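Visitor: Okay, here's what each chain looks like letter by letter:
There are 2 protein chains.
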Amino acid sequence: MYKLYDFLPSGNSYKVRLLLNLLNIDYERIDVNILNQETRTPEFLAKNPNGRIPLLEIASGKFIVESNAILYYLSQGTKYFPQDKYAQAQVMQWLFFEQYSHEPFIATARYWIAILKQPEKNPEQLKYKHRLGNAALKVMEQHLSSHNYFVGETYTIADISLYAYTHVADEGGFDLKKYPLIIAWLKRIKEHPQHILISDRGK
Amino acid sequence: MYKLYDFLPSGNSYKVRLLLNLLNIDYERIDVNILNQETRTPEFLAKNPNGRIPLLEIASGKFIVESNAILYYLSQGTKYFPQDKYAQAQVMQWLFFEQYSHEPFIATARYWIAILKQPEKNPEQLKYKHRLGNAALKVMEQHLSSHNYFVGETYTIADISLYAYTHVADEGGFDLKKYPLIIAWLKRIKEHPQHILISDRGK
Numbered sequence: 000m001y002k003l004y005d006f007l008p009s010g011n012s013y014k015v016r017l018l019l020n021l022l023n024i025d026y027e028r029i030d031v032n033i034l035n036q037e038t039r040t041p042e043f044l045a046k047n048p049n050g051r052i053p054l055l056e057i058a059s060g061k062f063i064v065e066s067n068a069i070l071y072y073l074s075q076g077t078k079y080f081p082q083d084k085y086a087q088a089q090v091m092q093w094l095f096f097e098q099y100s101h102e103p104f105i106a107t108a109r110y111w112i113a114i115l116k117q118p119e120k121n122p123e124q125l126k127y128k129h130r131l132g133n134a135a136l137k138v139m140e141q142h143l144s145s146h147n148y149f150v151g152e153t154y155t156i157a158d159i160s161l162y163a164y165t166h167v168a169d170e171g172g173f174d175l176k177k178y179p180l181i182i183a184w185l186k187r188i189k190e191h192p193q194h195i196l197i198s199d200r201g202k
Numbered sequence: 000m001y002k003l004y005d006f007l008p009s010g011n012s013y014k015v016r017l018l019l020n021l022l023n024i025d026y027e028r029i030d031v032n033i034l035n036q037e038t039r040t041p042e043f044l045a046k047n048p049n050g051r052i053p054l055l056e057i058a059s060g061k062f063i064v065e066s067n068a069i070l071y072y073l074s075q076g077t078k079y080f081p082q083d084k085y086a087q088a089q090v091m092q093w094l095f096f097e098q099y100s101h102e103p104f105i106a107t108a109r110y111w112i113a114i115l116k117q118p119e120k121n122p123e124q125l126k127y128k129h130r131l132g133n134a135a136l137k138v139m140e141q142h143l144s145s146h147n148y149f150v151g152e153t154y155t156i157a158d159i160s161l162y163a164y165t166h167v168a169d170e171g172g173f174d175l176k177k178y179p180l181i182i183a184w185l186k187r188i189k190e191h192p193q194h195i196l197i198s199d200r201g202k
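Protein chains in written order, with numbering that gives the first Met the number 0: chain A, 0 to 202; chain B, 0 to 202.
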């Protein structure tokens with residue numbers, strides 16, 4: 000059985016938990032508290048030298064790290080990854096957009112404010128995170144003006160990846176009311192009958 | 000014929016130019032000077048609302064952005080992308096490592112120092128970039144202690160992606176002499192008979 004090394008409040012971990020649940024895949028969840036440096040122990044670094052969760056153990060000693068790489072692995076051959084080659088490239092482009100232009104700003108602002116509870120520590124940096132995070136949300140809002148989902152008008156791992164931190168962006172001080180198309184898309188994702196919440200451990 | 004919207008000093012652009020040359024694919028190269036805000040014109044933003052190069056136009060009005068997504072697209076069915084599903088996931092994990100834990104520090108330090116020529120502008124931020132960039136280089140050095148390439152002992156797009164900014168890390172103030180296994184790997188990549196330099200426009 001898959002083992003997911005998971006930190007419940009992490010949007011990156013949630014992506015994997017959500018897809019595993021959508022695919023009805025059983026897994027064992029192992030809590031790793033990043034606030035206690037549990038990703039920096041020799042045992043954990045032997046599994047991921049980059050010291051980050053989520054980490055999926057697919058067989059004894061066979062690990063996959065990087066949330067979007069895990070989504071890619073799990074979605075192959077399922078309806079959450081398209082068949083068409085150009086559509087596949089578009090999924091990839093949104094996954095890289097998420098990790099480069101979205102997560103470092105939206106997730107980090109939430110981490111400082113809602114998890115570390117230290118919004119005042121880096122006021123200049125927080126302003127910068129809000130500026131670039133809003134730029135990413137604008138790109139998403141514009142895309143959703145002519146699409147219901149991010150690629151090919153069906154729910155793919157591009158949506159899962161972007162959903163993870165967008166749906167809790169308000170916890171990082173982002174005002175989602177400025178993005179009505181994003182709000183409608185979040186609702187669409189949440190309506191999936193097998194949807195789970197970020198705080199839900201899954202099965 | 001493919002059209003590559005390209006900025007010659009950009010490592011992200013170089014990844015695509017290098018793979019196109021390794022694959023003997025003809026393309027038209029279109030210079031986009033990011034220093035003159037040429038990625039922020041209405042014409043360019045209509046192609047990529049996120050306003051970044053490289054951008055590959057594969058047919059009239061069909062665009063792919065995000066350097067690693069373009070590498071993925073071009074490498075499908077070639078020897079630069081493995082067949083095995085776990086090896087594919089490992090390629091993905093290095094591509095996301097590159098964009099999240101490597102490029103934002105190593106490429107940005109080089110951009111400030113060697114391209115904008117303003118190393119003194121953000122001394123505290125530059126120190127931070129050097130700390131995290133060196134952490135990424137250490138992860139690579141450790142991996143290379145038991146591998147010749149990043150995945151499956153052959154040259155894949157994971158190597159291309161990591162090569163792009165690692166081989167010019169010294170321009171960002173990184174001391175590669177501290178990483179002898181990386182130096183040996185860079186040499187291995189450069190020895191490919193169809194290798195091109197970052198300053199080379201290709202065919």
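Some hints could be false.
Repeated chains share a single entry, so a pair holds when one copy, or any two copies, can fit it.
Computed cross-link-like contacts, BS3-like style, restricted to lysine-lysine with a CA-CA straight-line distance of at most 25 angstroms [what the hints assert, rightly or not]:
1) Lys-120 with Lys-189
2) Lys-61 with Lys-137
3) Lys-84 with Lys-177
4) Lys-2 with Lys-177
5) Lys-46 with Lys-137
6) Lys-46 with Lys-189
7) Lys-46 with Lys-84
8) Lys-186 with Lys-78
9) Lys-126 with Lys-78
10) Lys-78 with Lys-46
11) Lys-46 with Lys-186
12) Lys-46 with Lys-126
13) Lys-2 with Lys-186
14) Lys-84 with Lys-176
15) Lys-61 with Lys-84
16) Lys-120 with Lys-186
17) Lys-61 with Lys-46
18) Lys-189 with Lys-116
19) Lys-84 with Lys-2
20) Lys-61 with Lys-120
21) Lys-78 with Lys-176
22) Lys-84 with Lys-126
23) Lys-186 with Lys-84
The hints are simulated quantities; they were obtained by calculation from the structure and are not laboratory data. A quick note: this is a predicted structure, and the numbers were derived from the prediction, not measured.
Visitor: Hint by hint, say whether it matches the structure.
Guide: Verification of the supplied hints:
1. Lys-120 with Lys-189: neither (33 angstroms within a copy, 44 angstroms between copies)
2. Lys-61 with Lys-137: between (38 angstroms within a copy, 21 angstroms between copies)
3. Lys-84 with Lys-177: neither (34 angstroms within a copy, 41 angstroms between copies)
4. Lys-2 with Lys-177: neither (39 angstroms within a copy, 36 angstroms between copies)
5. Lys-46 with Lys-137: between (37 angstroms within a copy, 15 angstroms between copies)
6. Lys-46 with Lys-189: The answer is neither: 33 angstroms in one copy and 30 angstroms across copies each exceed 25 angstroms.
7. Lys-46 with Lys-84: between (32 angstroms within a copy, 19 angstroms between copies)
8. Lys-186 with Lys-78: within (20 angstroms within a copy, 41 angstroms between copies)
9. Lys-126 with Lys-78: Classified as neither; 39 angstroms inside a copy, 45 angstroms across copies.
10. Lys-78 with Lys-46: neither (30 angstroms within a copy, 28 angstroms between copies)
11. Lys-46 with Lys-186: neither (36 angstroms within a copy, 28 angstroms between copies)
12. Lys-46 with Lys-126: Close neither inside one copy (35 angstroms) nor across copies (28 angstroms); limit 25 angstroms.
13. Lys-2 with Lys-186: neither (29 angstroms within a copy, 38 angstroms between copies)
14. Lys-84 with Lys-176: This pair counts as neither: shortest intra-copy Cα distance 35 angstroms, inter-copy 41 angstroms.
15. Lys-61 with Lys-84: between (28 angstroms within a copy, 12 angstroms between copies)
16. Lys-120 with Lys-186: Neither: 33 angstroms inside a copy, 43 angstroms across copies.
17. Lys-61 with Lys-46: within (9 angstroms within a copy, 40 angstroms between copies)
18. Lys-189 with Lys-116: Neither: 27 angstroms inside a copy, 47 angstroms across copies.
19. Lys-84 with Lys-2: between (31 angstroms within a copy, 18 angstroms between copies)
20. Lys-61 with Lys-120: neither (39 angstroms within a copy, 44 angstroms between copies)
21. Lys-78 with Lys-176: neither (31 angstroms within a copy, 47 angstroms between copies)
22. Lys-84 with Lys-126: For Lys-84 and Lys-126, the Cα distance exceeds 25 angstroms both inside one copy (39 angstroms) and across copies (41 angstroms).
23. Lys-186 with Lys-84: Classified as neither: same-chain Cα gap 28 angstroms, cross-chain 33 angstroms, threshold 25 angstroms.
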